[in-house]
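Q: Same order as they appear, the protein sequences are chains A and B.
First residue of the first sequence? That's 1 in our numbering, and the numbers climb one at a time after it.
First residue of the second sequence? That's 1 in our numbering, and the numbers climb one at a time after it.
Among the clues, some could well be false.
To be verified - In silico DSSO-like pairs for lysine-lysine, Cα to Cα no more than 30 Å straight-line:
(1) K202(B) <-> K118(A)
(2) K363(B) <-> K88(A)
(3) K118(B) <-> K50(A)
To be clear, the hints were calculated from the coordinates, so they are not data collected in a lab.
Protein chains: 2
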Amino acid sequence: MAKENVLHMKGGVGETSYATNSSLQRKVIMEVKTILEENIILIVSNKSAKGCWKIADLGCSSGPNTLLSISNILDIIHNINMKLNHGKPVFQVYLNDVFENDFNTIFNLLPHFYQQVKEKNVGECFISATPGSFYGRLFPNNYIDFFHSSYSLHWLSQAPKHLVKNGEPLNKGNIYISKTSPPSVYEAYFKQFERDFQYFLKLRFKELVLDGMMALTFIGRESHDKIIFVQEIVGMVLNEMVLEGLVKKEKLDMFDFPAYHPTEEEVQQVIEAEGSFTLQKVKTFKMAWDANLQEDVSGYVVDSKMRGEFIAKYHRAVFEPILIASFGENIMDELFLKLAKMLEKLIEIETLEFTNIVLFLTKDH
Amino acid sequence: MAKENVLHMKGGVGETSYATNSSLQRKVIMEVKTILEENIILIVSNKSAKGCWKIADLGCSSGPNTLLSISNILDIIHNINMKLNHGKPVFQVYLNDVFENDFNTIFNLLPHFYQQVKEKNVGECFISATPGSFYGRLFPNNYIDFFHSSYSLHWLSQAPKHLVKNGEPLNKGNIYISKTSPPSVYEAYFKQFERDFQYFLKLRFKELVLDGMMALTFIGRESHDKIIFVQEIVGMVLNEMVLEGLVKKEKLDMFDFPAYHPTEEEVQQVIEAEGSFTLQKVKTFKMAWDANLQEDVSGYVVDSKMRGEFIAKYHRAVFEPILIASFGENIMDELFLKLAKMLEKLIEIETLEFTNIVLFLTKDH
């Protein structure tokens, strides 16, 4: 079973690091900026002027995106404050990710970030990091004004339990819900998501101030989706490697990927059942797996081979720590080479895109 | 001139890291614990029960000592609260050091630390890191209840300016104040300390709550000291290496170590002149450079060679980043080998000890 200590992005700033391979997540953050603008203003307008804004970014990861999210939020709140003549706010920002996240890399970017904040004159800003799982308490009661999270909440606290029946793995030959998985696999995954997300809401309810709010973006799915997830394709690659004798069959059978991609309806159902929050807004948008490739290689003709390699590379930065823990480091190059080739073929016959869900929640009094 | 970005302890947990070579600093922290106990109680007794204690450790470095300081403070405040029937406090702890400090290593120790806090049942505790120089703002106004700092404030924000006259370095052949330095060198160092420490006090005054307090421990000197500092001996080694052609003379002449070790009188003078704080208590205690060696190698007969090697090794963990920046990495092994040998001889003829100064300050209303 996957443990929290491998659920982190690949650290450092090297060729295969998350910091170097996170332009898709950047694109998502920029798409969500407009949604944040529209919704933060609705809520802030009803509030009296606030001296100090306490903002926490949950699952901040490690790289330039970490500070991009924060920069956007600071800009938005500053602009609203200007419109409402509320004066210059002070920001206390808390960056959160698991204990194993590479915070050093973020901290090295801070001097430049503080310089930018000063030049933009959006208000004083004090940045701290608060490491730990967001499936646990992070802050005192009634403390945070605004929780933000981008591309983190599809990670579960652990892979679902009960994926074994009579000693046999239920999801043989797969690492995630796939077309050949029995319904009990989907059920176990949904149950784990339900438990984790409900607990997440309970914890954040305690930590939020009375008029606090949350904006959460994560990868979900549409109910009629033909469910193709990258995890499913990684599973296909691992099957191939079992046949070639590079991976032990038992290891593949026992490994379950600790993520879940809920539908909008499932999310609403969990929020309602938990009862602490009002869902002010839910927005869904799709994004091709190679959506940001054009930007990254502008000037080149982009073919399927490049698309495949590109998608494999940025997923490597996200998946590698967890795959290494189960399958060892020495098969990683081969695994992601094969993944790129498989993606190259698939991208010509399938629509490969993420369904992103953005939630805007306020604390019920 | 030394810049802030090299003023950090050697990261990681390896053989030459600060985390592995900081048992002397640990001994200091344990000595100071009693002084903290005696003084925190005097101040806390006058305060009403506090729901949440906001504590910042300035210059926390990277290793087990970081959390030892915090653990001591939590114990002390918990015990006082028990005596006063104030109920269980909540602690928000902010660990501070420069942006380049190895925070990742501290964060990896946190799960174990949280487990200990839980077992000791001292109250809820939430730990964050706030990177940045303490010669700059770190927190909002009126925010922190208790500033703590151990073995950090003898570091200056930079080496003194004006150590050059008519294009010639004033402190030729030395890297710090030494017997052969002209008086202008001492004056330049004191001026830099005065400016830095006054600025430090001004900043912390803004960040402290009204009844806030500070406990600061650092290496000073006694006025009648025959001033032998490790930096002086490192300077002697570098001179030797110049003669051997291993170090360029110009590099040695231009390098000035960015630290200062004030006397108790100098410290009092700066605090009074700045005027924001009341010095409730000042305590001085001495500690041999090899004070903790007996503990570290219990069972062995400790000779001068071992003493020399031991002192050189833990200073390497502290001095290496700053020396590498000026003299390059490839002379470090040789430099610290020579330092060990020089210390081996010196320790037989000189009393080699630190004069530690502990200050207990409260914010004047």
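Q: Find the hints from earlier in the document that the structure breaks and name them by number, from lowest to highest.
A: 3
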